Amino acid sequence: MYKLFWKFFFTIWIAQLTTIWGIGTAIWYIRHHEPLTEVNLDLSNGASFYLDPVVDTLKTQGVVATEEYLKKRFRRIVYVVDINNNKELLGRKIPIDFLELVNQKSHTSLLNNAIQSLSVDGHHYLLFVADIPSPWRNRPLIPVVPLVGATLASLLFAFILARHLSRPIEILKQTISQVGAGHFNISLHPQLVNRNDSLGELASDIQNMSSRLGKLIDSQTKLLHTISHELRSPLTRLQMATGLLRQKMIGNDDEMSRIERECKRIDLLIGELLTLSKLDDGINHLNEEIIDLNPLIREISDNASFEAKSLNKLVSLNLLNEFIQVKGDTSLLYYAIENVVRNALRHARTNIVITVMKTPNEKAHISVIDDGEGVDDSEIMHITQPFFRASNTLKASNSQGFGLGLAITYKTLQAHNGEIQFSNLSDKQGFKVDLYLPLLT
Amino acid sequence: MQKVLLIDDDIELVEMIAEYLKREEFDVSVAHTGHDGLSLLKKDNFSIVVLDIMMPGINGLETLAKIREESLIPVLMLTARGDDSDRIIGLELGADDYVPKPCTPRELTARIKAILRRSQNSQNLNDNNRVIEVNQLKLWPGKRQAFWFDEELQLTSSEFNLLEVLIKNAGKLVTKTQLSEEGLGHPLARFERSIDVHISRIRNKLEAINHSSAPIKTVHGQGYLLIIE
Ligand SMILES: Nc1ncnc2c1ncn2[C@@H]1O[C@H](COP(=O)(O)OP(=O)(O)OP(=O)(O)O)[C@@H](O)[C@H]1O
Ligand SMILES: [Mg+2]
Chain A
1 MYKLFWKFFF
11 TIWIAQLTTI
21 WGIGTAIWYI
31 RHHEPLTEVN
41 LDLSNGASFY
51 LDPVVDTLKT
61 QGVVATEEYL
71 KKRFRRIVYV
81 VDINNNKELL
91 GRKIPIDFLE
101 LVNQKSHTSL
111 LNNAIQSLSV
121 DGHHYLLFVA
131 DIPSPWRNRP
141 LIPVVPLVGA
151 TLASLLFAFI
161 LARHLSRPIE
171 ILKQTISQVG
181 AGHFNISLHP
191 QLVNRNDSLG
201 ELASDIQNMS
211 SRLGKLIDSQ
221 TKLLHTISHE
231 LRSPLTRLQM
241 ATGLLRQKMI
251 GNDDEMSRIE
261 RECKRIDLLI
271 GELLTLSKLD
281 DGINHLNEEI
291 IDLNPLIREI
301 SDNASFEAKS
311 LNKLVSLNLL
321 NEFIQVKGDT
331 SLLYYAIENV
341 VRNALRHART
351 NIVITVMKTP
361 NEKAHISVID
371 DGEGVDDSEI
381 MHITQPFFRA
391 SNTLKASNSQ
401 GFGLGLAITY
411 KTLQAHNGEI
421 QFSNLSDKQG
431 FKVDLYLPLL
441 T
Chain B
442 MQKVLLIDDD
452 IELVEMIAEY
462 LKREEFDVSV
472 AHTGHDGLSL
482 LKKDNFSIVV
492 LDIMMPGING
502 LETLAKIREE
512 SLIPVLMLTA
522 RGDDSDRIIG
532 LELGADDYVP
542 KPCTPRELTA
552 RIKAILRRSQ
562 NSQNLNDNNR
572 VIEVNQLKLW
582 PGKRQAFWFD
592 EELQLTSSEF
602 NLLEVLIKNA
612 GKLVTKTQLS
622 EEGLGHPLAR
632 FERSIDVHIS
642 RIRNKLEAIN
652 HSSAPIKTVH
662 GQGYLLIIE
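Protein chains in written order, with our numbering: chain A, 1 to 441; chain B, 442 to 670.
Quick caveat, the hints were computed from the structure, so don't treat them as lab data. There could be a bad hint or two in this list.
Claimed, not checked - Rough simulated footprint, nothing fancy, chain A against chain B, three-plus residues with beta-carbon under 8 angstroms:
hint, region
1, 457 to 463
2, 471 to 481
3, 531 to 545
4, 621 to 630
Stated by the list, open to error - With a straight-line Cα cutoff of 25 angstroms, these simulated DSS-like cross-link-like pairs (lysine-lysine) come out:
hint, chain 1, residue 1, chain 2, residue 2
5, A, K248, B, K554
6, B, K617, B, K658
7, A, K248, B, K444
8, A, K264, B, K554
9, B, K554, B, K484
10, A, K93, A, K59
11, A, K327, B, K658
12, B, K444, B, K463
13, B, K484, B, K507
14, B, K617, A, K327
15, A, K248, B, K463
What you are looking at is a predicted structure, and each value in this text was computed from that prediction instead of being measured. Yeah, the Cβ is synthetic: ideal placement off N, Cα and C, and Gly gets one too.
One chain only, chain B, in its complex shape (with noise of 0.2 angstroms):
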């Protein structure tokens, strides 16, 4: 069974997300403030956070950068519908994606499941070893592990994902349609920001390991292209 942690303020709500999710096969644990969710994080394993943005006290945002500093698990935000600042925010900070509130159970366990679903480490033992390269980018899709001129790339689940459809492209266009649903799982919403924002993220940690420009160029309007030396 899959470990999910819930942080949100709003315990009935809290309640009832638990209790849909678990007859969805899922294990949950709440936590209602971000420092019980820290807590709970490190004496346990899971496989996803589900935070709540807009809490007050310690805040959902400084929460997840808390998350990050520590670790890469998987982190669903849930913001506020129509508030982009905020969601931006997140993104940058590393969360790996959102859903608005209001949303249905239905469409938030869809989105818990395509976050997990790309995550995994593949169980084809075949996949294992198979190495993506290009330039002196290397990936292992089944490990799940990146490394950019020899040295492991430190990514979210998300960035991971759209650099593997990059590469998997590499020197032809990719739409950001594409990337949503192939590196994201889900269609891209109208202007979806958001795989701008993963990958400027994945640019710089590629930078910040060799100076020269990262191989990602964008498409203005279009979408990404991964450049082939």
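Okay, chain A solo, but in the shape it has when bound (with noise of 0.2 angstroms):
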């Protein structure tokens, strides 16, 4: 989560070193060549001892020899100036009315050879010693009190404008996270409110989308929610209105029967996309209780059973011999379950095994087994859409379903963070579908 803060920091600290380092030098570099403003003429006796191997070296090895003397470091600094241009061996610079000072003192220098004059392959060069000024001198190679304070200080700065860059961005991560968890009325941190630079755009705009988003899928919920509700009250009246029919005429009834069921039937439809519209309409709204998984199981396995029997079915429960509790809404997970069930049933050829085990990860674990065809594999990862059948209903002549129930399962093993898993048996021996649900601790 930091992730952003270090790289900032890293970034603007390594810049800001960089930067010091390099105007550092170059002042360094500068003021190691500037004219001799506050160099004082040394005319002291000990002044022959710095002039003269140089006087020595320019005799017998030549200007170049002489200038790579020059260059090293002596606790005077010996300056040899050819006269008739007035350019200095190593090209430092001089002032002009410097070398007049030393020209006039040259005479009276001559005694303690403080200032020496020399000819070379017919160059005059007037040889004299300069005092480095004090803070020169004493001044370190390398300056550390400057630099570890200027480390310091953009050690400082980089935390300070790290922080400033990335503790908007991390927010505005954890508010965009949020959203992408479902909650679309997001507030957004006062940092970030009070912000009037594009981050702080960048924020409310990111907040208007996300309340945007939220009218749009609320409205959509609320519109499958109003229509499913409002189909009701028709439904209702021709129910009544059947119910009336039948009660005057008394006799054959096979198409009242046939009305009757089809209302059933939508009112079914109606039941489903109720269920899935409160499970679209979010988690907040589900009932928390504490739910006994093994008598939910064996009443649903019992109406299984029931049912199987005139089909000519079998379905066989293995519970484990311990508390199993979950927490959640016990409706929906009976519904949840009993769709799986009532699926396999279905879909079986002869069995269905119910089995519920608990994971070593404390999870509970519910497996449903039956010897049916299967789904096609190209088809499971789409059986929990909504609506979706898939191509082996085409052929079973009692499938009546909607193809909502794994869309309703999905949605609420979701809302339990549950999982739900499905694959086929080899050779197409049957479907296995495994649920799984946090165990209550």
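These two chains come separately, so use the hints to put the complex back together.
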């Protein structure tokens, strides 16, 4: 999470360090080559101590060797000036008035050789010694204190700047992941609201976008909910009218039964749609009851067994001999599991096996296996989509589903932090559905 | 003839229900708003009210609350199928039972009859003076009266029936299935919470009279039990 901060921090810090060191080096370089304004001409007896070796070198080894020699660092600086053109041997700048001073003094200083002149290869040279001004002389080659100070200062500023940049982004990231989790009504952190820069604008844009998104999705679910709900009134009237009709005409009522059956089917569809829209509406509205899974699954299994008998199928149940409790909405979980069992019952040849287990990582595991033909591998990923019916249902004569069951099952498990997995047994020998729910601890 | 008051804002639907019930030998009055219903209720003596909970205006739940302020007349609610919350609130307000909409007229009539059958004073004279007594709780099933510490309990028809089932089985666990079948007159629907709501209302009424806890014990996930001391 703080990755961004460190990235900012190091980038800024390194940039600052580079700048500081670069500028520092530049200043240092310039200072060492600037004209000797504050330099004092050394006329003491000791001056010849520095001058003599230079004169020697110039005499015996020539100009190039002398230049090399001069580049070495001494406590005093030895200047070698070509009188003809007033150029110093190493190109160091010497103010004119300073040279005049040297010329004046040269006569008086000849005694102690503090200023010497020399002719080599037709060039006349004037040699003299200058004191390095004290602040320069005392300065170490690497200026430790300023460097450490600058480094610390840059650390501080890099920290502040990195924080300033990365904080709002971190906050924004958290906000956006809230949106991702389905909370569209986000409130911005005051730090973001009070910003007048692009980041602040970005934040408020994101807020607007997400509230719009929320409203759209909201109206969508509301619409589904309202439609389903509104369909109920005419359906109630229809059922009432059918009942009345049946009451009035006693006798053959095949068609009447069909109408009643279809009414029930529409009612069922509306019920499933309402459940789906309730699940879409969000996890917040679900009940949070403590549920014993064993009796719940036993009831589902008993009901299925009862139905299976007339179909010459067999439902077997393997319960775990201990309390298995989960937290959630009983009616939704009942429906979720029941639908899987009903699907199995519908598609099984003869056998349905329901097993309840515990996984090592504290989850309830309910597996429902049937010995039907299963689902085409290419279709498995689609079977949780609303209104999806796999190609196998077209062949089955008793298929009456809407294809909403597994969509509800899937969303219910999602809402309960559970998982669902589908797999075909080998050789089209059956279909297996695994449901996982976090156990109550 | 039993007098039924139908309160529902769906005019056509009410018409059809009324016709159906008339053919089933009921005397039916209809009202399309809670207000009308309440004033009709004051004028006449009804055996049962069938009340749509999802009405606009002064809605069904408010009407129910107003009815309960005045009388213990049996109330059957019409609720939206799948909407647990309205149903539970209705039961908490003292409705006797509910029928989810949409329903067939047969289901509705069956529910009405079940409630009426159980809310009538017994015609059997022998029954009239029979008393069941457990601890401080006295029940006259014939007169449909109950006393707790010699104070009369104001119970709705369903509450009385459930208490009767419990007291007849005092000291024994009574499952919710049994309570539903014997007390409410229909099989227990899946995740039926109405029994729990009724029982908690009975408990509150007992505790209002005597602060020591009511003698009804919950057996988690299974049922209820009236304790004999
Ligand atoms: N046990 C199974 N064996 C084979 N196919 C299955 C099995 N379970 C589900 N399917 C396939 O997945 C499809 C989707 O299942 P789903 O439960 O969502 O819908 P449905 O059962 O057809 O209708 P509904 O559950 O809404 O009444 C089914 O139509 C069926 O083709
Ligand atoms: Mg299904």
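Does K554 of chain B sit within 25 angstroms of K264 of chain A, going by the straight-line distance between their CA atoms? Holds. K264 of chain A to K554 of chain B sits at ~23 angstroms (cutoff 25 angstroms).
Is K248 of chain A within 25 angstroms of K554 of chain B, Cα to Cα? holds, 20 angstroms
Need the status of pair K484 of chain B, K507 of chain B: alpha-carbon distance at most 25 angstroms? Measuring from Cα to Cα gives roughly 15 angstroms; hence the hint holds.
Taking only the CA atoms, is the gap from K444 of chain B to K463 of chain B under or equal to 25 angstroms? OK: K444 of chain B and K463 of chain B at ~10 angstroms, within 25 angstroms.
Within 25 angstroms, alpha carbon to alpha carbon, are K248 of chain A and K463 of chain B? This hinted pair holds, its Cα atoms lying about 12 angstroms apart.
Given that the region 621 to 630 of chain B was listed as covered by chain A, double-check it with a C-beta distance under 8 angstroms for 3 or more residues. violated (count 0)
Can the region 457 to 463 of chain B be counted as covered by chain A under the rule of three residues or more with Cβ-Cβ separation shorter than 8 angstroms? holds (count 4)
How does the coverage statement for the region 531 to 545 of chain B fare against chain A, requiring three or more residues with Cβ below 8 angstroms from a Cβ of that chain? holds (count 4)
Given hint K658 of chain B paired with K617 of chain B - CA-CA distance at most 25 angstroms: holds, 13 angstroms
For the region 471 to 481 of chain B, do at least 3 residues have a Cβ located nearer than 8 angstroms to some Cβ of chain A? As far as the region 471 to 481 of chain B goes, the hint is violated, because 0 residues have Cβ atoms under 8 angstroms from chain A.
Can you confirm whether the C-alpha distance between K554 of chain B and K484 of chain B stays at or below 25 angstroms? holds, 23 angstroms
Is it true that the CA of K617 of chain B sits at most 25 angstroms from the CA of K327 of chain A? Holds, because 22 angstroms separates the two Cα atoms, which is no more than 25 angstroms.
Checked against the numbered hints given earlier, the structure breaks hints 2 and 4 and satisfies all the rest.
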